Structure formats: structure tokens, C-alpha cells
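Enquirer: Read off the chains here:
2 protein chains.
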Amino acid sequence: MDADKVFKALGDPTRRRLLDLLCEKNGQTLGQLCENLDMARQSATQHLDLLEAANLVNTVKRGREKLHFINPVPLHDIYERWVRKFERQRLSLLHDLKQELEGGDQ
Amino acid sequence: MDADKVFKALGDPTRRRLLDLLCEKNGQTLGQLCENLDMARQSATQHLDLLEAANLVNTVKRGREKLHFINPVPLHDIYERWVRKFERQRLSLLHDLKQELEGGDQ
DNA sequence: TTGACATGCAGGTATTTACCTGCATATTAT
DNA sequence: ATAATATGCAGGTAAATACCTGCATGTCAA
Chain A
2 MDADKVFKAL
12 GDPTRRRLLD
22 LLCEKNGQTL
32 GQLCENLDMA
42 RQSATQHLDL
52 LEAANLVNTV
62 KRGREKLHFI
72 NPVPLHDIYE
82 RWVRKFERQR
92 LSLLHDLKQE
102 LEGGDQ
Chain B
2 MDADKVFKAL
12 GDPTRRRLLD
22 LLCEKNGQTL
32 GQLCENLDMA
42 RQSATQHLDL
52 LEAANLVNTV
62 KRGREKLHFI
72 NPVPLHDIYE
82 RWVRKFERQR
92 LSLLHDLKQE
102 LEGGDQ
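Protein chains in written order, with the numbering used here: chain A, 2 to 107; chain B, 2 to 107.
Warning: the hint list may mix true and false statements.
Simulated restraints, written as ranges between beta carbons of each label pair [claimed, not checked]:
hint	chain 1	residue 1	chain 2	residue 2	range
1	A	Lys86	B	Met2	47 to 55 Å
2	B	Arg65	A	Ser44	19 to 27 Å
3	B	Asn37	A	Arg18	30 to 38 Å
4	A	Val61	B	Asn59	40 to 48 Å
5	A	Glu88	B	Asn37	18 to 26 Å
6	B	Lys62	A	Ala54	37 to 45 Å
7	A	Lys67	B	Arg63	52 to 60 Å
8	A	Ser44	B	Gly64	18 to 26 Å
9	A	Glu66	B	Glu88	48 to 56 Å
10	A	Gly64	B	Asp21	30 to 38 Å
11	A	Lys62	B	Leu31	44 to 52 Å
12	B	Thr60	A	Glu25	37 to 45 Å
13	B	Asp78	A	Glu66	30 to 38 Å
Lysine to aspartate or glutamate pairs mimicking EDC-like chemistry, simulated, CA-CA at most 20 Å apart [to be verified]:
hint	chain 1	residue 1	chain 2	residue 2
14	B	Lys9	A	Glu53
15	B	Lys9	A	Glu36
16	A	Lys9	B	Glu25
17	B	Lys6	A	Asp13
18	B	Lys26	B	Asp5
Which bits of chain B does chain A cover? Going by a derived footprint, with three or more residues having C-beta under 8 Å, they are [stated by the list, open to error]:
hint	region
19	8-16
20	46-55
Please keep in mind that the hints were generated in silico from the structure rather than gathered at the bench.
No experiment lies behind these values; they were computed from the predicted model shown.
Virtual Cβ for every residue (Gly too), placed ideally from N, Cα, C.
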């Protein structure tokens with residue numbers, strides 16, 4: 002998993018909207034997705050390319066159409082690497098903060 | 002939670018490194034964090050400002066020092082909004098894909 | 001086969017980003 | 001008080017980003 006590509010892909014409202022659109026109806030074509038976006042088709046393509054590079058979306062060509070499918074694996078990897086780690090320390094971090102505010106270096 | 006700020010904050014290796022550094026030892030000063038970064042202090046400040054704007058880091062001033070603490074709440078929100086949703090549909094998505102590959106429009 | 005349709009590809013531009021240098025301010029220690 | 005220390009603030013630049021327009025290619029249907 003390339004955390005940089007995944008986070009950067011997620012760091013844009015258009016691309017998050019694309020993921021939501023695919024979550025509502027998986028396997029949509031480029032044209033279908035564009036109908037919901039209010040930008041040129043070519044711009045949407047660039048966003049989808051980034052989602053694909055981050056492996057968040059997989060595509061299949063069917064005739065002259067290109068179908069788009071969500072791949073949830075990178076999101077799960079993000080969870081394992083960047084959420085669980087900090088969740089685990091949640092209480093102890095709050096404890097540290099409280100201690101600092103009370104003068105942690107005594 | 003501002004998903005845009007959070008994902009953009011996470012979409013940079015320097016800022017993810019800062020979070021890891023704070024995970025190892027919470028409550029570090031700007032100077033301490035800079036020692037591990039290989040860039041000008043002012044650049045690190047800008048990264049920390051973005052982490053703070055995303056509410057991923059909270060700060061406390063103690064004398065002339067500024068202490069930095071991780072706030073795991075936005076990460077948890079990300080999980081709720083962007084991971085669980087897709088995790089839940091994982092199997093059904095794979096099912097959709099398989100069906101498409103076999104000729105979904107029959 | 002020919003026209004309509006879905007997508008691919010090649011630039012071009014304005015904005016944002018990630019760094020930098022230089023200087024100012026505030027706190028601590030001698 | 002003065003010097004050292006920790007951070008804040010104000011630009012300045014090169015690269016990345018998010019759009020766009022125009023044209024090319026490939027597929028389907030009449």
C-alpha cells in the first residue's frame with residue numbers, strides 16, 4: 002500500500018464524491034459518473050486515474066465503455082496503519098496531556 | 002470533522018512522520034520534532050500548523066516552548082465515515098465485480 | 001459503411017503547496 | 001541587563017495540482 006497515493010487521492014472532494022457515487026452503485030461508466038460531477042469529462046478522468054493509481058478503484062473495459070469498481074482494501078490498510086495505532090493510545094494520550102497541563106516535568 | 006483538511010494533512014510524508022514521532026513520545030516541542038526532520042524549522046512549523054488546523058494535533062504553550070499532542074479523534078471519524086462504510090460492502094462489491102466480468106448485463 | 005457515442009491523449013493556465021531566507025518577538029539564565 | 005534560546009511572522013520560488021480546450025481513437029448500430 003502506498004499511503005501517500007491513498008491519502009492524496011482521498012484529499013479531494015471530487016474524488017471522495019466519486020467513491021460515494023460508486024458506493025451507491027458500483028460498476029458505473031465514466032459517462033455515468035460525469036453526469037453527477039459538474040466538470041469536464043477529461044477532468045473527471047484525471048480524478049479517476051488518481052483513484053486507480055491509489056488502487057481505490059479498479060476498472061474493466063466492456064466494449065467502448067469503462068466500468069469502475071471500488072476496491073476497499075487500501076482503506077482497510079489505512080485503518081490498520083493509521084487509525085488502530087492511535088486509537089489504542091487514545092486514553093493514554095489524554096492522560097499525557099492532562100499531566101502536561103498540570104506541569105509534567107515536576 | 003473537516004475531511005478535506007484531515008486527508009490533506011495526512012497526504013504528506015513529513016506530516017505522517019510528525020504524527021509517528023508524537024506517537025513515540027507525545028508532547029514534544031517544535032525544536033525536538035525538528036531534530037528528526039531534515040528541513041528548516043519554519044517549514045516544520047507550516048506542517049504542524051496544517052496538522053493543528055485538521056485537529057490532528059493540539060498544542061500547549063509552556064513558557065517559550067510549544068508542546069504538541071496527538072488528537073486521535075479525527076482519525077476515528079475518518080474510520081467511521083470512510084472505512085466502515087466500504088468495509089461493510091466488501092464482499093458484495095467483490096460479488097458485483099465477479100458478476101460484471103462474467104457479463105453482468107445478461 | 002457511416003454517423004453517433006464513449007473514451008483516450010496532448011498540451012495550456014491559474015492556484016496551491018512545500019520548501020526556503022531574513023528578521024522580529026518573547027522567554028529564560030547568567 | 002544581556003545573551004542565548006524557542007518560536008512567530010513575512011515574503012519569495014519551484015513544483016505539483018485541478019481545471020480547461022481541442023483533437024484522435026475505438027466501438028456500436030442503422
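Enquirer: Under the constraints set out in the numbered hints, which ones does this structure not fulfil?
Expert: 1, 2, 8, 9, 10, 15, 16, 18 and 20
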